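Novice: Listed below, chain by chain, are the residues.
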Amino acid sequence: MSVQEIVRPAAASNLVMEARNVTVRFPIEDAPEVTAVNNFSIQIKPGEFIGIMGEPGCGKSVAAQALLGLVRPPGYLASGEVLFQGHDLLKMDPEESRKLRGKDIGMIVQNPRYSLHPMYRVGQQIAKVYRAHNPVTKQEAWDHAIAMLRMVGINDPERRANAYAHELSSGMAQRVLIAIALSSKPKLLIADEPTSGLDVTIQAQFLDQMWENVRQTNAAVVLVTQDLGIVANYCDRVLIMHKGSVVEQADVHSFFRSPNHEYSRAILALQREETSEERNTREVKVDSTSKPLIKVDKLTKLFPIRRSESKVHAVDGASFEIRPGECLGLVGESGSGKTTAGRCLLRLVEPTSGDIFYRDLNLSKLTRDEFRKKRDKLQIVFQDPLDSLNPRWTVEQCLMEPLNLHSTMTAEQKRARMQELMQLVGIDPGQIHALPKEMSAGRQQRVSIARAIATNPDFIVLDEPTSALTPETTAEIIRLLMDLSRKLGIAYLFISHDLTTVKYICHRVVVMYLGQVVEVGTKDQVFNTPAHPYAKALLSSHLFPNVENRRVDRAVRETLQGEIPSPITERLPKGCYLYGRCPSQKDRCKAEKQELKTIGDGRQVRCWRVAEGDLPIEVAVGH
Amino acid sequence: MLLRFVTRRLAVAIIQLIGISLFVFFMIRILPADPVARLVGLNATKEAYDLAAHNLGLDQPWGQQLLNYLGIYSNRPGDGVLQGDLGDSWVTSAPILEELVRFLPITLEFITYALLIAFLIAVPMAMAAATKPGKTADRVTFVWGLFAGAQPEFWWGLMFVFFFFFQFHEWGFPSAPAPLGRLNPMVSEPHTITGFILIDSLLAGNFRAFLDGAHHLMLPVFTLVFVVSGAIIKMLRQNMIRVLQSDYILYARSAGLPSRQVGFYAMRAAMAPAMTLVGIFYGFLLGGAVPIELIYSLGGIGEYSIRSILAFDYPAIQGTVLIIAMVSLLIYLVIDILHAAIDPRVTF
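In order, the protein sequence lines correspond to chains Z and X. Here numbering that gives the first Met the number 0 is used: position 172 in the first sequence is 171, and no number is missing along the way. Here numbering that gives the first Met the number 0 is used: position 92 in the second sequence is 91, and no number is missing along the way.
In case anyone wonders, no lab produced these hints; they're calculated from the structure. A quick note: this is a predicted structure, and the numbers were derived from the prediction, not measured. Check before you lean on any hint, since a few could be wrong.
What the hints assert, rightly or not - Here are the simulated distance ranges between beta carbons:
#  : chain 1 : residue 1 : chain 2 : residue 2 : range
1  : Z       : Asn-154   : X       : Thr-191   : 24 to 30 Å
2  : X       : Leu-57    : Z       : Ser-307   : 50 to 56 Å
3  : X       : Thr-191   : Z       : His-165   : 46 to 52 Å
4  : X       : Ile-192   : Z       : Lys-98    : 51 to 57 Å
5  : Z       : Asn-161   : X       : Arg-259   : 21 to 27 Å
6  : X       : Leu-57    : Z       : His-165   : 46 to 52 Å
7  : Z       : Pro-134   : X       : Leu-201   : 42 to 48 Å
8  : Z       : Glu-166   : X       : Leu-201   : 41 to 47 Å
9  : Z       : Val-33    : X       : Phe-167   : 57 to 63 Å
10 : Z       : Asn-154   : X       : Ile-192   : 51 to 57 Å
11 : Z       : Glu-166   : X       : Phe-283   : 50 to 56 Å
12 : X       : Thr-346   : Z       : Leu-571   : 21 to 27 Å
13 : Z       : Lys-436   : X       : Thr-346   : 36 to 42 Å
Unchecked claim - Pairs of lysine to aspartate or glutamate, EDC-like flavour, derived with a Cα cap of 20 Å:
#  : chain 1 : residue 1 : chain 2 : residue 2
14 : Z       : Lys-284   : Z       : Asp-92
15 : Z       : Lys-102   : Z       : Asp-155
16 : X       : Lys-131   : Z       : Glu-94
17 : Z       : Lys-596   : Z       : Glu-611
18 : X       : Lys-131   : Z       : Asp-359
19 : Z       : Lys-90    : Z       : Asp-103
No residue lacks a Cβ here, since even glycine has one placed at the ideal position from N, Cα and C.
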């Protein structure tokens, strides 16, 4: 299908949709009703890209569904109207609104693989939706399905049309959903967190594709998201929702420049602070010549596969150092081995080979019992705060445990230490008997942090400590971590896929791909002038919440081809692990194993072209 | 892929069958029963008793008995299981294989029809019940499930005979035939090919036998349908409700698929687990449809196995267990293949 065919004349009315005062309520047994969405109003112009942002439970998804006239039972639409081309969707009979859904209004949801029927071929599912709205034969619908798959950027659409949902990756399944949603050329596309759970490079591929497609069809988009980066890079306008109501509605540029509402300012806190004086006083100074606190040398972890000779190469010869008081960022996409590397460091997972030095002590040579005695100095904070706290333990019990295990304090001293810890991490002393589930995720994470610092550690592995949190709490936790590091001199290994927070808190950054370290450098080196092609693509794909350099405005949107191969012995590329996806590859890369080499400016890069000066290091376009 | 799966499953089935045979062989000999005394009577002389025991081969040690049964290093005339001979019944002296070939299809026939019909009834009923929970259709299926499933099948059989045969006859309505076997004695029985009376009569072109056979099958089949459909409907309805709340059904709705199409989407996903239930019923009913066989005097394999057990007819018990296990395993295999055909996520 060519571009000309897809373009439709602009709608006669200058609004695609207008919702007025939509209110959705959920009845709750023996309690007053919950108003999930309160007087929600929105006006959508053709071709407009609107973001709806807010924390989980603020009603943004419910509002998006209400725009389709749908509410998940037992909720109901209490009042309001949703005008689509002058007709109120909420008052139409079900068959009429059914005809609009999927034809004039397309929908994309999160969990793409669960949103496709598991037993029908994806091509059939696209064709069925197309046939539900267009008078075509089965064959025509099938051909259209293949054309749609090609349009959303799926290679070999004839073959993929015959696949089932479980045979697709999430990124691919999400493209199928967009093919379904756009199959009848809708005037409006509603996307409910379409990229949650996708990796950054895949997310960028997908959003670029969606952006291209709706630009071709001049459809308007309502994008529900929690991600400031997506809003900044793709949206024209943004609605901020808080506790069921729209609290701010603004053009993206003015929103990022001068947010009005208190809540907007809270979620933009990190971005707004970055250049301010406050940040400089917060940042910890590290002596780059000091002896490393932790030194990792050729760390390797292979997981055996049952009934098979081959292995999963989770970590493949990783080496890096961390100095006292330093925060080292470990970044990479899922499957890059960053979490396994962090766990191997503390021997929560036993490394297959390689050495880990803590000061002069080789941790990997210690017996389990000897190592256990060192654990008070080496701690970890996990991603999901609720999962990592015992659900039946109060704050007091959680904090007492490490003191009981690792200290010889008297009961009196322990109580004093606990008070001190709670004050350090900012938990109200009144919450000492609270259970994890009675606290917010941010508070839970504070308890986890307090528990980790209870024994005065030198070093903490932070395994995605903020990825389960809202933007607002993320900002708070990051500030807390920096304060603790400054006051107590703790070094961190900060594992995260969120480059925005890494950029804020870390001194140096390690980039991992397929279990290998591909680049190690200072924050400025890696973020401003990434050298390795993978680091470049990662940085370029990451959506920094910066409206001055929007991804959609860039001439070249650098990204990687395809998806990460699975790290199984025989599937790993022979030479450079990036071969096949790399935009700068040469024949030599195919067979030549790459080594981590130190280049002129002191950083280490695993790419012969960079090491030999064959690939110039430029200022990144990312931000 | 399929071929490899079937071969592997059949290989496993053979091992299972060997295990089951050995287990049954020794278990019935451990039981505190004296089949010889049962045959010759309690007042028999020692000589007569010993002679009978010798004739049955029960005077041999167990190991030799097993060899005789299997047909390797046998010290008695006649073949063993490995040569395809299950031995002769101690009660009727007829070859057991012959008897099983006669009785097994009777049971297979009526439970096959019953399960097929039950499934065909259950699908639309469960669909109607699940799409509008709490509404009329849902209530009807609920009551049906409780009412039909809660009472034993012999009771329903009795009721059916009383009403459809006796009362209808009294009232002068067209009634069901007397519950006395598979065919009216006046109708000539078709030559046995499959053992399924409806199929054999059609193959023989004997239309009279077909109609009469169907007439006689009617009540036993419907009794069984009545009893098992409750459970199948309940399971389908439960699956349907779960599926209807799934993300993909919600998405199908938001993509504007017509409700009929959404119904098909849900049904297909709900059906696979219910088919497993039908398979389990099948295996269970092979030996467990005795009450219905007895009430309608059909003389199926369930009835035969009960008779053999009461008579301590060792070879008959061993043969019946072996054959029922074999058929059950085959049916499970077929169900698994069908399951995989419906659900592409199931891999061999």
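Novice: Work down the list of hints and note, for each, if the structure agrees.
Specialist: Cross-check of the supplied hints:
1. A beta carbon spacing of about 60 Å between Asn-154 (chain Z) and Thr-191 (chain X) contradicts the range 24 to 30 Å that was offered as a hint.
2. Evaluation of the 50 to 56 Å hint for Leu-57 (chain X) and Ser-307 (chain Z) yields a pass: the beta carbon distance comes to about 52 Å.
3. Range check, Thr-191 (chain X) to His-165 (chain Z): Cβ separation about 47 Å, and the 46 to 52 Å hint holds.
4. Checked against the given bound of 51 to 57 Å, the beta carbons of Ile-192 (chain X) and Lys-98 (chain Z), roughly 55 Å apart, stay inside it.
5. Under the hint 21 to 27 Å, the C-beta atoms of Asn-161 (chain Z) and Arg-259 (chain X), about 25 Å apart, fit the expected range.
6. The given range of 46 to 52 Å is broken by Leu-57 (chain X) and His-165 (chain Z), whose C-beta atoms sit roughly 58 Å from each other.
7. Judged by the Cβ atoms, the range 42 to 48 Å given for Pro-134 (chain Z) and Leu-201 (chain X) holds: they are separated by roughly 44 Å.
8. Restraint check, Glu-166 (chain Z) to Leu-201 (chain X): a C-beta distance of roughly 44 Å satisfies the suggested window 41 to 47 Å.
9. Range check, Val-33 (chain Z) to Phe-167 (chain X): about 59 Å between beta-carbon atoms, so the 57 to 63 Å window is met.
10. Restraint check, Asn-154 (chain Z) to Ile-192 (chain X): a C-beta distance of roughly 55 Å satisfies the suggested window 51 to 57 Å.
11. Between Glu-166 (chain Z) and Phe-283 (chain X) the beta carbons are some 36 Å apart, a value that contradicts the proposed interval 50 to 56 Å.
12. A hinted range of 21 to 27 Å for the beta carbons of Thr-346 (chain X) and Leu-571 (chain Z) is consistent with their spacing of about 25 Å.
13. Taking 36 to 42 Å as the suggested C-beta distance range, the pair Lys-436 (chain Z) and Thr-346 (chain X) conforms, at roughly 39 Å.
14. The hinted pair formed by Lys-284 (chain Z) and Asp-92 (chain Z) fails the criterion: a straight-line CA distance of about 66 Å is larger than 20 Å.
15. Taking the CA atoms of Lys-102 (chain Z) and Asp-155 (chain Z), the gap is about 26 Å. The hint is violated against a cut of 20 Å.
16. The suggested pairing of Lys-131 (chain X) with Glu-94 (chain Z) holds, with an alpha-carbon distance near 17 Å, which does not exceed 20 Å.
17. Distance check on the hinted pair: Lys-596 (chain Z) and Glu-611 (chain Z) sit about 10 Å apart at the alpha-carbon level, within 20 Å; holds.
18. A hinted pair counts as satisfied when its Cα atoms are at most 20 Å apart, and Lys-131 (chain X) with Asp-359 (chain Z) does not qualify at roughly 70 Å.
19. Using a Cα cut-off of 20 Å, the hinted pair Lys-90 (chain Z) and Asp-103 (chain Z) holds, with the two alpha carbons roughly 17 Å apart.
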